[in-house]
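**Student:** Each chain is listed here by its residues.
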Amino acid sequence: MGVGEVREAEGYRERIARRAAMEIEDGMIINLGIGIPTLVADYIPREKRVFFHAENGILGTGPSPAKGEENPMLCNAGGFPVTLMPGASFFDSATAFAIIRRGLLDMTILGVLEVSEKGDIANWIVPGKRVPGMGGAMELAQKAKRVMVLTTHLDKNGRSKVIRECSLPLTARGAADLIITDMAVMEVRADGLYLREVMHPYTVADVIGATEAELKIDGEVTVFE
Amino acid sequence: MGVGEVREAEGYRERIARRAAMEIEDGMIINLGIGIPTLVADYIPREKRVFFHAENGILGTGPSPAKGEENPMLCNAGGFPVTLMPGASFFDSATAFAIIRRGLLDMTILGVLEVSEKGDIANWIVPGKRVPGMGGAMELAQKAKRVMVLTTHLDKNGRSKVIRECSLPLTARGAADLIITDMAVMEVRADGLYLREVMHPYTVADVIGATEAELKIDGEVTVFE
Amino acid sequence: MAHTGDRFDKVVSLEHALSYFHSGMTLMVGGFGGVGNPPTLIEGILEKGIREITLISNDTAFPHIGVGRLVTERRVKKVIASHIGSNPNAGAQMTAGELEVEFCPQGILAERVRAGGVGLGGILSDIGIGTIAEKGKTKVTVGDKEYLLETPLTAEVAIVHAKKADRFGNLVYDTSARNFNPLVAMAGDITIVEADEIVQIGDLHPEEIVTPGVFVDMIVQSKGVNWRWAWEK
Amino acid sequence: MAHTGDRFDKVVSLEHALSYFHSGMTLMVGGFGGVGNPPTLIEGILEKGIREITLISNDTAFPHIGVGRLVTERRVKKVIASHIGSNPNAGAQMTAGELEVEFCPQGILAERVRAGGVGLGGILSDIGIGTIAEKGKTKVTVGDKEYLLETPLTAEVAIVHAKKADRFGNLVYDTSARNFNPLVAMAGDITIVEADEIVQIGDLHPEEIVTPGVFVDMIVQSKGVNWRWAWEK
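Protein chains in written order, with the working numbering: chain A, 833 to 1057; chain B, 833 to 1057; chain C, 8 to 240; chain D, 8 to 240.
Because the hints were derived from the structure by calculation, they are not lab data.
Between beta-carbon pairs, the in silico distance windows are:
(1) 845(B) to 13(D): 51 to 61 angstroms
(2) 1022(A) to 961(B): 57 to 67 angstroms
(3) 207(C) to 26(D): 49 to 59 angstroms
We treat Cβ as the ideally placed atom computed from N, Cα and C, and that holds for glycine.
Given the sequences, and given the hints that come with them, work out the whole structure.
**Tutor:** Spelled out as structure tokens, the structure:
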């Protein structure tokens, strides 16, 4: 199946992942969260060599194994079997988070429940409803050199997830650097949230209309096909 | 050379070590300090299987290697080449001291500058004169299940090293359990220091006369040949 | 450390190992999403009817996998974990007030277990500063920066899953089943290892050993994983 | 972490590595009694004329061995160590007021280096309570017990000696030359490895790697130990 065909079949999750992959540079150490972030790995061009970090103690995870060739002990942090790249290493959970806290992750790619125009992230608790726990998200959001948030622009009830102030308990303050949704690409800067790109077929007006946060514009807003 | 001959040639250091070895039980995990404590290993009967712990990251050191067969990287904490026993393991210095602080050493055998009747130990600094540093002695003295002190009874100037109150800065308070010198074997109990054995040819009166600390006697004082 | 007889042969029967478990105990378990949870010991806990457990574990796995089974069968009264999302029974029991949950950021949980295991009195961290994770924690200022004081964790019994153990208790793990296991192995007042393979002393290379046997009190032979993984169809 | 070009080939010349060293720097060195001190990098520091070093190291080795040479040649203005007894030059310089020495119990020094390397704000310990080692340290009470607050250590440059490094920087050590090296490897703002053998990525088994390469910035080829050991006649 060629690239064109992939795009034909592409849903919004895949498009977000494809756009996110463009942010990845050769040589990066990256942690991928569960959900849309996991899909990013499929869109990284072969010439960009990256090491994926899994918080359960692997540096250098590779693609999923062929069916029947799984080692049930060799899984990513989401619990799914993985393979290894050359140069991979195993270590305990304390070292996995030493790498994070020491600031050695070039990028972490996370899903969220809410993200604010200041870069505040909420993704671990909906009081009284869902309380999955923070897992490693606090460390990842607080300590990675670059935090990329991938999310649908709206929640199931049609409300903006990109907002002025988070209403849910925070995972980390001022953590997000770039937000990629099914409608737009937005950059968190010191003076506010900037709209950089809109996802085809949405217009700038569509995105501004769907966003509770204040969106600033500085220069051209391009369209991502 | 038979055992009798060894004893013929035996100096006070060897006799202290030989007496100390009698305290060692099968299965123990033991750390040996530099000096007389190092000699103890030579006197442990073969049927008593022990694991020696070295604070530079070895559990299970064995005897010295034959000349010419040393691995300069494989040394004990004193810097001398060692061999390994079956079941030995390597680890970093943090884990070496985790074992100590977690209380997993059954015994540590230390030299001292002074030891008090309360079990206070001073062995790392003579202010203004010698300041070698504490190395691992604070952790060892404070955390081993049993602390055995091996020392000459008197210092070079003929003054007692077993005293009421240490005059030198302490390594650890109330740490010593058993003190073995060239003159006596003494036990630190909650209510004071007890003379248990005298080393041949010394008498109880000799030992009491040479000891600044108060020596209590409870039952028979035996003679160690 | 429990004295279980011969230091040079710590292999015991499952029954003997289970004699150290009791209802109301604190139990620490190595593993992450079920991977590295010791299946045979968990089965034994269920069969022996141990209840009212205070569980320290990275997560509550899945409903029918690993440590998740203890939650599903209501053997746990409190859990200290970083994540319970993959086991809906944990969330439901928590919401119903039947399960007390103390959340801890994952890397801090790892360091708290390690701190207990290596005999530290606590650690200082800035993780969770400015969030509700601060709640109830002492703040300590070092230089001009504020940190949260995180307390060490130990447990009456710690259970781990190793790939291989020699009879002294030296351990190696299986790929990413290492995770919390080497930390948990240090943090038990009694540490019990379930090993897929038990070998003689001297069979493991000194450089390959991850957990020195001095931390281990007992070893039981694993009967292998007795659940289907979530990814298996 | 310094960006030194290709993350997948961190091997550099000794000259390039030395360009990150300067007089007045903080330098952390792995090793214990000289064992595990990186000989080629130490030789390079001497040849380059680096002075006024603040040295963090378990000990000052021996006068003509390893890191001891930096002290003997008066390149060190301050040392944080657990022991200087095997290097009489260190003691003499200290007594003469030419060398500042901060003593730290060995296991606490290891934990302080680790705390710096793993990004903690400090650790609490009861080691040295009731001794002069308390001096100048903040006390923190946890529960009903008092602990000393021990601060993390990092350095501008950390140097370690490995047995093997792959070009990503994954490391294995040689027997007891491991000692402080894996801790020091984490604690450098720049970490430079001297390796006896440099291998290709993929040549080290994932289970045997002690230090993941992500902590390493540069690798230089060792020229081997250039001193006689104290035990050699």
